[in-house]
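Student: Sequence:
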Amino acid sequence: MDESTYSASVAVVFKKLVKAVDVVDPDVLEADATGDMVTLVATKSGEKVIVNTQRAVHQIWVAGGGEGVHFSLAADGRWLDDKGKGLELLSWVGLCVKKASGVTLQVG
-3 MDESTYSASV
7 AVVFKKLVKA
17 VDVVDPDVLE
27 ADATGDMVTL
37 VATKSGEKVI
47 VNTQRAVHQI
57 WVAGGGEGVH
67 FSLAADGRWL
77 DDKGKGLELL
87 SWVGLCVKKA
97 SGVTLQVG
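Per our numbering, residue -3 is the first one in the sequence shown, and the count goes up by one each step.
Just so you know, the hints here were simulated from the structure itself, not pulled from any lab data. Be a bit skeptical, because a hint or two may be false.
To be verified - Derived DSS-like pairs (lysine-lysine); straight-line CA-CA distance at most 27 Å:
hint : residue 1 : residue 2
1    : 12        : 95
2    : 81        : 44
3    : 95        : 15
4    : 40        : 79
Since the model is a prediction, treat every value here as computed from it, not as a measurement.
Let the hints inform the model, and build the full structure from the sequences given.
Tutor: What follows is the structure in structure tokens.
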């Protein structure tokens, strides 16, 4: 995959995450987006879910739920974990956020 395709695909994911958090009460969950990272913070506990680019290998890395998981873009357009566990990026972030804050993100 070329850099342009990777960057565009990452931008779509980041926009979906920020949009999903925008409808959540900021007293429960907040998002901080920078160019290569989105940090989701459970306001009460301070627990974070970090979604970060890994540009050198064209992956997205998620730190949350006590784990760090790398995701690669599959041929069908989904971001899947690189260890073959069957994890999908947006679903995994949703599970991590639920664990941290109790909120079910509606990412679409």
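Student: Hint check: residue 40 vs residue 79, CA-CA at most 27 Å. Holds or violated?
Tutor: violated (32 Å)
Student: Given the proposed pairing of residue 95 with residue 15, does the C-alpha separation stay at or below 27 Å?
Tutor: OK: residue 95 and residue 15 at ~19 Å, within 27 Å.
Student: Hint check: residue 12 vs residue 95, CA-CA at most 27 Å. Holds or violated?
Tutor: holds (19 Å)
Student: CA of residue 81 to CA of residue 44, is that 27 Å or under?
Tutor: holds (23 Å)
Checked against the numbered hints given earlier, this structure breaks only hint 4.
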